[in-house]
Amino acid sequence: MIVIKCPSCHEDRHEEELEYGGEADVVRPTPPDGASDETWTDYLFMRTNTKGVHYEQWCCRAGCGQWFKVARHTVSHEVAEVIRYEDRFAYQKEGGE
Amino acid sequence: MRYSLSSLIRNGLTGNRGWPQAWRKAEPKDRYDAVVIGGGGHGLATAYYLAKEHGFNNVAIIEKGWIGGGNTGRNTTNVRSDYMFPESAALYDFSLRLYEDLGRDINFNIMLSQRGWMTLIHDHHQLDAARHKANWLTCNGVDGEIIDAREVARMMPLLNVDGNPRYPVMGAFLQKRGGTIRHDAVAWGYARAADRLGVDIIENCEVLGFEKTGGRIAAVDTSRGRIEAPVFGMAVAGHSTVIADMAGFKLPVTSRCLQAMVSEPLKPLLDHVVISPGTGVYINQTQKGELVMGGVLDLYHSYGQRGTYPTIEKVVTAAVEMFPAFAGMRLMRHWAGIVDIVPDSSPILGATPVGNLFINCGWGTGGFKAIPAGGYMLAHSMATGKAHPLIKEFGLDRFRSNRLVDEGAAAGIAH
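One line per chain: the protein sequences are B and C, in this order.
Residues in the first sequence are numbered from 4 upward in steps of one, following this note's numbering.
Residues in the second sequence are numbered from 254 upward in steps of one, following this note's numbering.
In short, the hints are calculated from the structure, not lab data.
Any given hint might turn out to be false.
Stated by the list, open to error - Simulated crosslink set (DSS-like; lysine-lysine; CA at most 30 Å straight-line):
# : chain 1 : residue 1 : chain 2 : residue 2
1 : B       : Lys54     : C       : Lys503
2 : B       : Lys72     : C       : Lys503
3 : C       : Lys465    : B       : Lys54
For clarity, every value in this text was computed on a predicted model and none was experimentally measured.
One chain only, chain B, in its complex shape (with noise of 0.2 Å):
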């Protein structure tokens, strides 16, 4: 069973009463019409499928309903790293990434 930690309420969430929002970082191809058949395509149908570490996206659905980014282990469901994405845009913003 999954357990996660969440980061903005800080409560530890199981699998019931968290929302799975599928992999992390899938960004929609911009400008739009730019965008190759080929680039929408893996927008839209391809995905990592990782077996392995995977990031990711929860929601604490039955708690605080905010969305975060987690890193876990496809076959054991150990959670490497859970990261609050107002972190990571603030991050951003001093230019770091």
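Keeping the supplied structure of chain B fixed, place chain C upon it in accordance with the hints.
What follows is chain C alone, placed relative to chain B:
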């Protein structure tokens, strides 16, 4: 030895010590005319049809574990062909027709039991949808009918129809040709039949990578050495992305856990396969007497081949909701398989971006029923290099051309 009534009597009278080993334990050779990756039902069927239909007598199946130890050994053994779109119905009904004749074809009792596969109807919307589907099936030439609540109660006396159930039963959609098959027998039967036609079944042989030259695969590197072949096929279900990554192309697949469980053996009490869209569970009784129960997919990406307690709770409470008499029953085992979910719930069959590698994946939660067709089609692609007419709509290129075959609405249960 051919299995027959006379061989059964002869061996029965001599203490059953005369049965030969059903298939050889093969050692990998350096080179084959074709290599099939994956020793589940689809891979075994592929090798069998390559040998039988296309005359290949130098074929290897390479399997990282043991044959039939993946989803072929982890499903709920249901078969049916009540798919809505004409292209899906044609493919799945072809599969069911192959199953109907498979026992004779491979001289192995697969224990096909066409006991009737029914989806309960709980409200007027579901009744409309079921009528819509039954009309489609009539147009597709596949059997399927609507029965009323009285008939449902007659067929399943233990089902809670009159006791004010949480999900009232208004009737059911019934496919009489649907039912169950002994799942291991499908793996073992295809293995034995393929072996007799010269196929090498190589277990404990994991793919580690591919040697590519000029956009084609020259050889596969495995945990038991390097194997060359002019053509390769992959039928590895939930691990399709792992193989595709090594071969160098992307797939629109996410791997997820699908769980099932069985009760202790009971006397015969449920003669049909029943699925409830309300409670989200499907149940049938095996010939040994165990009740096999399955529920919805785990709704997150996973390669963990094991069950979880929330799903046990959901499935068991749903089963008791439908059949209150099951309340005292004990569970014996539960397990999970990794299924390959595709955005349009339809299989991916035929060519890949790698010229001499062909694919069979994407059956998602319904791969067992499709084993004969999946194997037949992959064998056809590998032998001829072309897509069989029945799989023209199911190529990997449909995602690029945006011609999806969206069977989500016709699945037995809303996964």
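Go through the numbered hints given earlier and state which of them the structure violates, listing their numbers in rising order. none
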